[in-house]
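Those protein sequences? They're chains A and B, same order as listed.
Letter by letter, the first sequence follows residues 55 to 368 of the numbering used here.
Letter by letter, the second sequence follows residues 55 to 368 of the numbering used here.
Don't read these hints as lab results, they were simulated from the structure.
Accuracy of the hints is not assured; some may be wrong.
Since the list can't tell identical chains apart, any single copy or any two copies may satisfy a pair.
With a Cα cut of at most 35 Å, we get these calculated DSBU-like pairs of lysine-lysine [as the list claims (entries may be wrong)]:
(1) Lys179 to Lys274
(2) Lys337 to Lys70
(3) Lys120 to Lys333
(4) Lys333 to Lys150
(5) Lys108 to Lys337
(6) Lys349 to Lys337
2 protein chains.
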Amino acid sequence: MTEYAFGVDIGGTTVKIGLFTSGGDLLDQWEIVTRTEEAGIHVLPDIAASIRQKSEEHTILLEQIKGIGIGVPGPVGEDGTVYRCVNLGWGIINIKAEMNALLPEISNVVAGNDANVAALGELWKGGGAGHQSAVMFTLGTGVGGGVVYNGKIVAGKNGAAGEVGHYTVNPEETVFCSCGKRGCLEQYASANGIVRMAKIMLEEEDTPSSLRDMAVFSSKEICDLAREGDVMAGEILDRCCEYLGLAMSFVSCTMDPEVFLIGGGMSRAGSILIDTIGKHYRKYAFHASQDTEIKLAELGNHAGIYGCVKMVLG
Amino acid sequence: MTEYAFGVDIGGTTVKIGLFTSGGDLLDQWEIVTRTEEAGIHVLPDIAASIRQKSEEHTILLEQIKGIGIGVPGPVGEDGTVYRCVNLGWGIINIKAEMNALLPEISNVVAGNDANVAALGELWKGGGAGHQSAVMFTLGTGVGGGVVYNGKIVAGKNGAAGEVGHYTVNPEETVFCSCGKRGCLEQYASANGIVRMAKIMLEEEDTPSSLRDMAVFSSKEICDLAREGDVMAGEILDRCCEYLGLAMSFVSCTMDPEVFLIGGGMSRAGSILIDTIGKHYRKYAFHASQDTEIKLAELGNHAGIYGCVKMVLG
Chain A
55 MTEYAFGVDI GGTTVKIGLF TSGGDLLDQW EIVTRTEEAG IHVLPDIAAS
105 IRQKSEEHTI LLEQIKGIGI GVPGPVGEDG TVYRCVNLGW GIINIKAEMN
155 ALLPEISNVV AGNDANVAAL GELWKGGGAG HQSAVMFTLG TGVGGGVVYN
205 GKIVAGKNGA AGEVGHYTVN PEETVFCSCG KRGCLEQYAS ANGIVRMAKI
255 MLEEEDTPSS LRDMAVFSSK EICDLAREGD VMAGEILDRC CEYLGLAMSF
305 VSCTMDPEVF LIGGGMSRAG SILIDTIGKH YRKYAFHASQ DTEIKLAELG
355 NHAGIYGCVK MVLG
Chain B
55 MTEYAFGVDI GGTTVKIGLF TSGGDLLDQW EIVTRTEEAG IHVLPDIAAS
105 IRQKSEEHTI LLEQIKGIGI GVPGPVGEDG TVYRCVNLGW GIINIKAEMN
155 ALLPEISNVV AGNDANVAAL GELWKGGGAG HQSAVMFTLG TGVGGGVVYN
205 GKIVAGKNGA AGEVGHYTVN PEETVFCSCG KRGCLEQYAS ANGIVRMAKI
255 MLEEEDTPSS LRDMAVFSSK EICDLAREGD VMAGEILDRC CEYLGLAMSF
305 VSCTMDPEVF LIGGGMSRAG SILIDTIGKH YRKYAFHASQ DTEIKLAELG
355 NHAGIYGCVK MVLG
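Produce the complete structure using the sequences and hints provided.
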């Protein structure tokens, strides 16, 4: 009997769902709206209904489904307990118990934090394929991360493993991070962070730059201008990458992973980002780990559904 | 048939050996000299001879021995390959293969880095008992460390996991660490490091201190004076603990362990050390991990033999 598995990546706006063979091939993928109203009580029933419907469409019996892996935007304990998901309106719920009630035919339900799950997906089928350990830095609105060791997600005692955006990389910082600390990596290396830092650097220095002619600019424009040779944009990107390289050296002294993966919107800057991070990483890394590879993530928005299914397939 | 296991902790001067029941009780423990002459070729044969002799003394058949766990002062791969041990004169050797040739009756030989093995021992029977994950900071001549996750040692791709002495905690440092980088934790928080830092601080500041009347002082004297209320010694210890707390916050953002353990000679300073590290750790740690316990290691020099046997008993 052919077997299947579902990967379900719950975001604040949409839920991405993938139907996979038990061999790990993606057969179908679609999205449903995340209905966050009424404290998010519709989210899991909507997912269960969508899984029933797609199984019928593909003439798959629920008994043929090996399991469902679910990624959520919040801390998740080893037993599937979700500790508050602000974006979904959820308090503390046990996602496995809830899904088992909605889909009693599928007992195997595994949940994980979305950033960790994306790292697992990248290790399995993306930039980290062929490796057993990886740490991913996702440079989006904030800086998220995920840690995979021996092919498994490292969640941590408080679900805070892989909170790479909150390494204190600049203890002298006076501005607060949204987490309540000061000097977090996220304040310099997220899409918002690099723009914030750029504005400060533009005020402090008088190097000419096309950025000065723009009323508003984004992280993409900083990276584009740096690549085109704008000296000031290059300096801004360099400082962002210096903090990233420093943070990666902290990872290496802790668990010495096989590979670093860079994902998120800012990773579209590509090789200039990887090369500049690498230059600084090698300066700060302990000699034994200096050659650890730094690579771009490859699965984009699909990393989550791959990682969810990998949790189920083991 | 009662079963036994040996834990063998190889140091540069002596080899500590323990005979344990398979239930983990220490029956006997002794030391032999580490003969490092002739590129250390006698070290493993001496250990094998000692194991044979003690087995006879205790009327234990070699067939009753479940295995031998060996800790070495150098990087060790997952398969038991030791990559250079400067202190022992060793190049690259496979310790499992060598021991199997010397003691063919005991096939199960497992090797690990000494700092990692000590952390495992502490997790099993020492300060970390009852936990599944811990990161140990050993404050000795240098700063070593070990990482245990899910009850197993994390060695890392290059054997560099747990190199906690080489977190760059002060990128502004101008003096080089023995590792070739600048600003490593070891430069401030080892027995040598705190004395080095104390001399600089005594020159930079003019706060009165009993340290000024001493031609030579040690880390112990700094800690003792700090406890007795010497303001300057307190400031020195505070700065050392600030770097330690910062480094521990890096660990938490990576793998969020259940407990931190502080061992090594400097840990004899006791509660003043733990309390001061904790104060700074909580300032730098991500909120979810702020309450992670920081404890003293408990097994002292015995941590290694316990950890070695734990590798064998699993």
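Results of checking the hints against the structure:
1. Taking identical chains as interchangeable, the C-alpha atoms of Lys179 and Lys274 lie at most 35 Å apart only when both belong to the same chain, with a minimum of 27 Å there against 53 Å between chains.
2. Taking the shortest Cα distances, Lys337 and Lys70 never come within 35 Å of each other, neither inside one copy (39 Å) nor across copies (37 Å).
3. In this assembly of identical chains, the alpha carbons of Lys120 and Lys333 never lie at most 35 Å apart, being 44 Å within a copy and 48 Å across copies at closest.
4. With identical chains, the CA atoms of Lys333 and Lys150 are never at most 35 Å apart, being 44 Å at best within one copy and 38 Å at best between copies.
5. For a Cα distance limit of 35 Å, the shortest separation of Lys108 from Lys337 qualifies neither inside one copy, at 51 Å, nor across copies, at 49 Å.
6. In this assembly of identical chains, the alpha carbons of Lys349 and Lys337 lie at most 35 Å apart whether taken from the same copy (18 Å) or from different copies (32 Å).
The structure fails hints 2, 3, 4 and 5 (numbered hints given earlier, in ascending order).
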